[in-house]
Amino acid sequence: MLRIEQLSLALPYYPRFWRRRYATHLNQLSLSVTAGSVHAIVGASGAGKSLLAHTIMGLLPEDARSGGRCFFKGAALDERRKRALRGRELALIPQSLSALDPLARSQRQVGWAARRAGLSPAGAHQAACQALAHYQLDERACQAYPHELSGGMARRVLTAMAQVTQASLVIADEPTVGLDPLQRDRVLDALAALARQGKAVMLITHDLRHALSIAEHVTVMHEGHCVETAAAHMFHGTGQALQSAYARALWQALPDNAFTLDSGYMKEPYLA
Amino acid sequence: MRLALATLRRLLRLGLILLCVAGVSFGLMMASPVDPVNAYLGPLVAQVSPEQRELIASRWGFDAPAPVQFGRWLQQLASGNLGMSHVYDQPVGDVIGQRFMRSLALLGSAWLLSLLLGFALGVLAGAKEHSPLDKIISAYAYVTASTPTFWLALLGVLLFSVYLGWTPVCCAGPVGVSDQAIHLATRLHHLVLPVITLTLLGTASITLHTRARMVALMRSDIATHAFAQGASRADIAWRHGVRHASLPALTLALASLGELFGGSVLIEQVFAYPGLGQATVEAGLRSDVPLLLGITLFTALFVIAGNTLADTLYHVIDPRMRRPRKPAAMSS
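So the sequences go chain by chain: A and B. One point on numbering: in our numbering, the residue at position 180 of the first sequence is 180, and numbering is uninterrupted. One point on numbering: in our numbering, the residue at position 168 of the second sequence is 168, and numbering is uninterrupted.
Take the hints with a grain of salt, since some may be wrong.
Unchecked claim - Covered stretches of chain B (in silico footprint by chain A; criterion: 3 or more residues with CB under 8 Å from a CB of chain A, positions within the stretch not fixed):
| id | region |
| --- | --- |
| 1 | 8 to 21 |
| 2 | 216 to 225 |
| 3 | 312 to 319 |
Worth flagging that the hints you see were computed from the coordinates, not collected in a lab. Every value quoted in this text rests on a predicted model; they were computed, and no experiment measured them. Virtual Cβ for every residue (Gly too), placed ideally from N, Cα, C.
Construct all of the structure, not just a fragment, from the sequences and the given hints.
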């Protein structure tokens with residue numbers, strides 16, 4: 001569904017105000033996401049996970065420099081195609097709940113997402129009602145403003161907004177942050193259900209343990225590099241099936257496993 | 001029930017503020033060198049003996065202590081009697097009524113136009129920061145924001161009335177024609193230049209504030225999310241921007257209701273437009289105490305009404321300001 005080859009990204013910064021330099025945030029990143037499965041992107045804060053999502057959606061500032069190639073459904077995904085496809089074929093579930101407009105009711109916002117995906121006004125209204133009902137949001141929650149919703153409900157509204165677009169690639173950026181276990185499992189189940197419908201789901205998270213419960217493949221990122229892409233079942237036991245020391249250390253650091261901090265991964269060449 | 005209670009509370013507050021304004025302005029009048037007896041006598045003052053003056057003063061109750069005078073004035077106010085204006089030789093209520101209707105035509109239309117125009121320009125400019133359109137609109141707004149009202153008005157009169165002769169030089173109608181006999185078109189013709197001047201100046205601050213809010217919105221998560229849904233800039237400006245940007249625009253417009261009166265004094269002087277602003281100047285210069293106090297109270301009422309309206313509209317537009325509809329017990 002989505003194939004990324006050697007993707008690099010540099011963003012400008014200004015050490016002195018007349019002088020522009022570029023900082024590399026993504027470096028030679030390659031991965032591919034297949035239809036009908038969840039592909040998790042795991043990494044620490046600042047690893048470039050959200051930037052990867054924004055690059056695929058074409059939401060970067062105009063002065064960003066990127067290299068490498070993206071393919072979506074076999075055809076090259078350039079900036080123009082990104083603009084044409086986002087909201088229709090590509091959907092993003094944003095990280096922050098502040099992405100919801102505080103001045104509009106949730107049902108209306110879902111309706112807008114449907115309109116932007118090209119539905120007729122009547123069709124959009126119907127699609128919005130269906131999507132909200134699908135995520136167990138009752139009439140009262142539909143008529144509520146974002147500040148009246150709990151964190152989990154707001155997440156489900158955001159998921160409903162991605163669902164109405166009928167997109168075949170859904171990128172969920174940290175969808176489980178700040179949720180209690182019950183709400184978190186609900187959101188993860190919703191994402192797994194999207195994959196079962198035949199969509200490709202890209203789950204961006206730093207929560208490896210819970211990502212493994214629904215993901216088929218996991219890509220571990222570190223400081224803009226793709227450290228390793230492994231099948232979910234390879235995160236098992238002491239992590240001996242994993243190739244890179246960083247991924248093994250990440251796995252070992254989980255409380256359920258050894259709960260140790262092994263700094264041996266620092267010896268790997270690209271992690272100086 | 002809650003609405004009635006809230007209205008009652010507001011009215012009570014309104015009464016208290018008006019009482020304070022009345023007290024302060026009355027105190028200022030007492031402390032000022034304005035002598036109502038002298039003002040009443042005018043040029044006759046030289047022909048009146050001190051005994052006669054005292055007779056007038058005691059007839060009018062000026063021999064009583066200040067609090068008693070204030071009490072009497074309040075009593076008259078409460079019964080709706082604002083006193084007589086000696087400048088216009090009419091009851092103060094009538095003078096304010098007539099003048100206000102004329103000022104309303106000028107100020108109301110200028111206020112409404114500057115709100116609509118300023119808001120539209122602000123939304124257009126802020127929708128795409130640093131675009132050519134944004135640069136043109138911002139430059140225009142900065143220039144007009146720093147232009148003094150009376151100066152622009154003078155230039156307008158010089159260019160359009162004196163040099164080009166397109167608009168009348170003064171007043172709300174032709175000189176020497178009674179108020180009822182003036183045709184509507186003539187009235188409008190006299191209004192054009194003052195209204196345009198006031199609008200040009202009032203637009204600037206609303207444009208700048210609306211633009212700032214729009215720019216902030218366009219950089220926010222809300223806009224990024226909308227872009228991710230495939231929305232165009234126009235779509236975001238229309239669906240999200242208009243709501244968000246209307247808050248600062250309304251605050252500014254409604255808070256400046258009182259300011260418009262201040263500005264109108266200058267504009268009405270320059271165009272010799274017989275509105276409330278000009279009446280204020282007349283009343284001040286010729287020591288017309290009842291009229292001055294009446295206008296003060298009326299302006300205060302206007303400012304309070306503007307602020308109350310802003311408060312109410314805020315609750316309509318921004319749901320976060322409303323009280324929770326019911327104790328929040330939503331099932332999740």
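Hints versus structure:
no. : hint       : in the structure
1   : 8 to 21    : violated (count 0)
2   : 216 to 225 : holds (count 5)
3   : 312 to 319 : holds (count 3)
Violation of the numbered hints given earlier is confined to hint 1; every other hint is satisfied by the structure.
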